[in-house]
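Given these sequences and hints, build the entire structure.
2 protein chains.
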Amino acid sequence: CRHLAFTDCGYWTTWLGGLCHWTGTRDYNPKQMAIREKVFNTIISCFKRHGAENIDTPVFELKETLTGKYGEDSKLIYDLKDQGGELLSLRYDLTVPFARYLAMNKVTNIKRYHIAKVYRRDNPAMTRGRYREFYQCDFDIAGQYDPMIPDAECLKIVHEILSELELGDFRIKVNDRRILDGMFAVCGVPDDKFRTICSTVDKLDKMSWEDVRSEMVKEKGLSEEAADQIGQYVSLQGGMDLAERLLQDAKMSQSKQACAGLTDMKQLFSYLQLFQVTDKVVFDLSLARGLDYYTGVIYEAILTQTGPVPVAAAQNGAGEKAEEGVSVGSVAGGGRYDGLVGMFDPKGRKVPCVGVSIGIERVFSIMEQKAEASAEKVRTTETQVMVASAQKNLLEERLRLTAELWNAGIKAEVMYKKNPKLLSQLQHCEDSGIPLVAILGEQELKDGVVKLRTVHSREEIDVSRAKLVEEIKRRTLDV
Amino acid sequence: CRHLAFTDCGYWTTWLGGLCHWTGTRDYNPKQMAIREKVFNTIISCFKRHGAENIDTPVFELKETLTGKYGEDSKLIYDLKDQGGELLSLRYDLTVPFARYLAMNKVTNIKRYHIAKVYRRDNPAMTRGRYREFYQCDFDIAGQYDPMIPDAECLKIVHEILSELELGDFRIKVNDRRILDGMFAVCGVPDDKFRTICSTVDKLDKMSWEDVRSEMVKEKGLSEEAADQIGQYVSLQGGMDLAERLLQDAKMSQSKQACAGLTDMKQLFSYLQLFQVTDKVVFDLSLARGLDYYTGVIYEAILTQTGPVPVAAAQNGAGEKAEEGVSVGSVAGGGRYDGLVGMFDPKGRKVPCVGVSIGIERVFSIMEQKAEASAEKVRTTETQVMVASAQKNLLEERLRLTAELWNAGIKAEVMYKKNPKLLSQLQHCEDSGIPLVAILGEQELKDGVVKLRTVHSREEIDVSRAKLVEEIKRRTLDV
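Chains as they are written, first to last, in our numbering: chain R, 1 to 479; chain Y, 1 to 479.
These are computed hints drawn from the structure, not numbers from a lab.
A couple of the hints might just be wrong.
Sample of chain Y residues lacking proximity to chain R, with all beta carbon distances greater than 12 Å (derived) [as the list claims (entries may be wrong)]:
id, residue
1, 29
2, 59
3, 81
4, 86
5, 171
Lysine to aspartate or glutamate pairs mimicking DMTMM-like chemistry, simulated, CA-CA at most 25 Å apart [what the hints assert, rightly or not]:
id, chain 1, residue 1, chain 2, residue 2
6, R, 48, Y, 404
7, R, 48, Y, 122
8, Y, 418, R, 244
9, Y, 117, R, 37
10, Y, 280, R, 244
11, R, 75, R, 122
12, R, 347, Y, 27
13, Y, 418, R, 404
14, R, 117, Y, 64
15, R, 81, Y, 471
16, R, 417, Y, 368
17, R, 418, R, 430
18, Y, 106, Y, 122
19, R, 38, R, 404
20, Y, 392, Y, 431
Each residue gets a CB set at the ideal place from its N, CA and C atoms; glycine is no exception.
And the structure:
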């Protein structure tokens with residue numbers, strides 16, 4: 001099996017975060033899972049705090065469902081083999097399946113979260129450690145509401161999650177597709193070039209302005225004058241004040257679209273002030289995002305403390321950024337997509353939506369590094385007590401007691417050996433962080449007690465069998 | 001989009017449990033997800049109580065990893081399209097990826113659980129509501145241990161989970177591949193027919209003995225005499241006593257393999273007695289299970305109360321039973337597979353394993369029906385309080401208070417309207433089971449208080465802003 005030969009020759013190695021070169025995916029070991037569970041709990045708690053329901057959709061969709069939704073990235077969609085029946089593809093994100101779900105079930109308003117894996121047929125060799133399978137944690141609000149209130153809540157959620165995960169400082173860039181389109185219009189970009197120029201602007205976080213300008217002019221045939229005008233706008237960053245200034249801008253104010261976007265941007269910032277999150281949010285005209293389906297506000301969160309993140313961590317689960325070799329630190333992205341649901345409705349009925357996707361592969365990597373660096377051991381089980389014996393021929397008594405503990409809801413382990421050594425039983429507790437050992441011996445059985453040993457202090461006391469469960473619960477309350 | 005046209009003509013309907021005829025999959029709506037979360041919590045709690053770690057593997061594996069592991073069912077494996085690169089297939093179960101994981105990471109002992117979706121290319125038309133994507137909840141113990149101790153723990157786990165889920169009465173059938181093989185040998189089945197005759201025996205839970213006998217003789221070319229001898233054995237059911245009797249059986253005792261299996265079966269029952277689960281466990285010589293990789297003990301749990309389970313619920317996530325139209329009620333299955341890990345190790349190093357898979361699609365269906373039948377409403381959010389107002393122009397104050405609550409860890413919602421009607425705010429609370437409403441008005445703002453309304457009793461009291469968080473926490477402690 002080449003898969004394994006590969007392991008032996010070291011390509012599936014830890015420095016690549018366990019990436020398998022053949023499949024572009026990775027396994028999660030118990031330690032990674034313990035960290036993953038902690039991250040998920042933080043994220044899910046936040047989603048629930050905001051009143052979100054939970055849905056799930058299948059890992060594959062009809063191929064036609066995904067067609068025409070992802071712009072240039074459509075080539076990265078995984079198709080299933082035609083084995084008879086419909087053509088199917090693995091989901092590329094959770095947004096398109098969500099829109100399909102809303103249309104199919106005629107849902108006109110919902111606030112939901114969805115945490116699941118998505119699939120992108122990147123070339124792992126070229127992209128050095130980006131996974132082809134990775135988690136997205138999506139929160140979306142669908143429904144016809146007053147402008148910018150749900151949009152502001154999405155940003156508040158990003159702020160809460162990134163703060164709680166303690167990943168260091170971060171910034172959330174905000175822009176609006178209508179502002180971009182208006183800007184393109186007043187700068188003289190022909191209508192049919194909006195999307196492709198937008199894709200080029202989207203590269204500003206990993207290419208210099210000169211290279212972006214060159215791509216616009218030489219590859220995409222834009223006039224130098226138009227490119228230079230765009231260059232002036234996309235260098236702008238600010239807050240509500242910038243939105244106000246641009247509303248007064250002689251050129252920008254000629255575009256109705258831009259004005260609508262800028263007015264909403266002002267409104268958005270007023271809500272963000274109420275939510276007290278403006279410290280991290282920047283209105284940034286260079287933010288474009290590549291996906292086709294955005295129609296209004298767009299945003300992206302980046303970590304600004306670039307710690308020693310391994311190459312494998314450069315995955316941007318959140319969206320379409322983070323190309324090979326460039327670690328932009330993007331950990332969340334999203335925006336408003338008011339037209340997507342209508343594409344799945346037989347009568348084209350629209351349902352306005354706004355959402356955010358937390359891309360957590362990078363978060364996992366940072367948490368893993370933190371765990372490595374920390375003296376504290378990551379526990380991979382929650383076992384409270386090990387049922388042990390120092391003497392021979394007590395397997396049956398150990399099993400009987402263990403079952404008693406299980407039945408009382410105690411998390412308990414017992415060694416699967418007839419006569420294990422006490423030392424190896426204690427060693428297992430040390431290794432896996434089990435705080436207590438319930439030791440059985442002939443004398444204890446006669447006396448109707450169990451010797452309860454605290455692993456870290458090595459203290460031992462006799463506890464009557466009848467009070468054992470209570471005593472274990474008391475002692476592991478805050479473990 | 002045909003997908004949607006299909007919905008409109010009613011094929012994606014609730015009586016099929018939301019099955020999509022085109023993809024053979026289904027969405028989970030928030031109510032289904034709430035039920036699913038509850039079932040998962042029960043199962044995960046049990047796995048953790050038994051000290052299991054958690055791992056995860058990718059949804060697809062190299063095609064060659066799955067080849068030759070599933071016997072006749074291999075035709076149901078989903079392949080990915082060859083888009084360049086390695087040939088990949090969607091996982092068919094969690095056992096083979098687990099074995100691959102152990103070999104690849106050179107893990108020689110672990111107790112782990114894994115909850116994830118698996119994929120089978122059944123024909124949904126023929127199988128009437130079986131899903132092509134469904135969850136399995138696997139618990140496995142890998143390592144060289146004294147006989148039957150981990151095996152007994154797996155059965156204890158099935159007993160605990162099925163009891164806690166309150167699905168009605170159940171039985172766990174147990175057998176051993178070595179007993180089956182020994183039986184085939186002493187009944188005169190040629191060696192090269194063991195596996196295929198085993199597959200036929202496996203159909204005894206959905207075919208009469210006459211039909212099984214006929215398939216053995218006419219299709220598989222077994223002698224009538226051999227078939228009849230098998231017929232006598234496979235009608236036997238019992239406990240430890242049956243194992244003892246068969247050890248004395250003139251014919252059976254001639255097979256070393258059978259004797260080894262029967263001796264272990266006795267040992268297993270002695271441990272099951274200590275675990276106090278023998279009330280539900282039956283040694284049943286007709287249990288065969290179709291998968292190739294089992295080498296020792298095998299088992300399968302069935303629900304014996306056949307309630308009004310819809311056709312869609314006939315899915316047997318647990319294993320390879322439950323063919324079209326026949327609802328055997330199988331909800332868990334597993335066994336010992338000591339040779340599988342060695343198939344993935346370059347040097348063939350073996351790691352003995354035993355495990356169990358809980359197939360929960362059927363469990364979900366039963367829980368869903370229970371929820372439908374019950375007067376109690378299933379909550380799909382955990383929101384504790386709705387921030388509302390009876391007056392106009394208080395959006396900003398509502399948002400400010402909501403953010404305060406979020407920051408204090410309170411699960412709070414606010415309507416995304418500038419001036420929503422109080423009635424519609426209260427109605428939302430009724431609909432989604434939100435127990436409290438924090439009502440803001442001009443007077444309350446002046447007085448520094450909030451009117452806290454209990455939805456079910458309609459009582460209202462003024463609470464000072466400073467004490468609001470505490471009061472909400474107190475009141476929703478047991479909600």
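Problem - 25 Å Cα cutoff - pair residue 392 of chain Y, residue 431 of chain Y - result: Given that 25 Å is the threshold and the Cα spacing comes to 23 Å, the pair holds.
Handout entry: 25 Å Cα cutoff - pair residue 75 of chain R, residue 122 of chain R
Key = holds (9 Å)
Problem - Restraint status (C-alpha distance of residue 81 of chain R to residue 471 of chain Y at most 25 Å) - result: violated (58 Å)
Problem - Given hint residue 64 of chain Y paired with residue 117 of chain R - CA-CA distance at most 25 Å - result: holds (23 Å)
Exercise for the section: With a cut-off of 25 Å on the C-alpha distance, tell me whether residue 418 of chain Y and residue 244 of chain R pass. Expected result: holds (22 Å)
Handout entry: Pair hint residue 117 of chain Y and residue 37 of chain R, alpha-carbon separation not exceeding 25 Å
Key = holds (18 Å)
Handout entry: Agreement of residue 418 of chain R and residue 430 of chain R with the hint, judged by alpha carbon distance not exceeding 25 Å
Key = holds (21 Å)
Problem - 25 Å limit on alpha-carbon distance, applied to hinted pair residue 418 of chain Y and residue 404 of chain R - result: violated (58 Å)
Practice task
Would you check the hint for residue 347 of chain R and residue 27 of chain Y, treating anything up to 25 Å between C-alpha atoms as holding?
Solution key: holds (22 Å)
Practice task
Quickly compare the C-alpha distance for residue 106 of chain Y and residue 122 of chain Y to 25 Å and report which way the hint goes.
Solution key: It is violated: about 34 Å lies between the C-alpha atoms, which goes past 25 Å.
Practice task
Just double-check residue 171 of chain Y for me: nearest Cβ-Cβ distance to chain R has to come out over 12 Å.
Solution key: With a cut-off of 12 Å, residue 171 of chain Y remains clear of chain R, as the shortest Cβ separation is near 20 Å.
Practice task
Quick one: work out the minimum CB distance from residue 86 of chain Y to chain R and report holds if it exceeds 12 Å, violated otherwise.
Solution key: violated (5 Å)
Hint check: violations occur at hints 1, 2, 3, 4, 7, 10, 13, 15, 16, 18 and 19; the rest are consistent with the structure.
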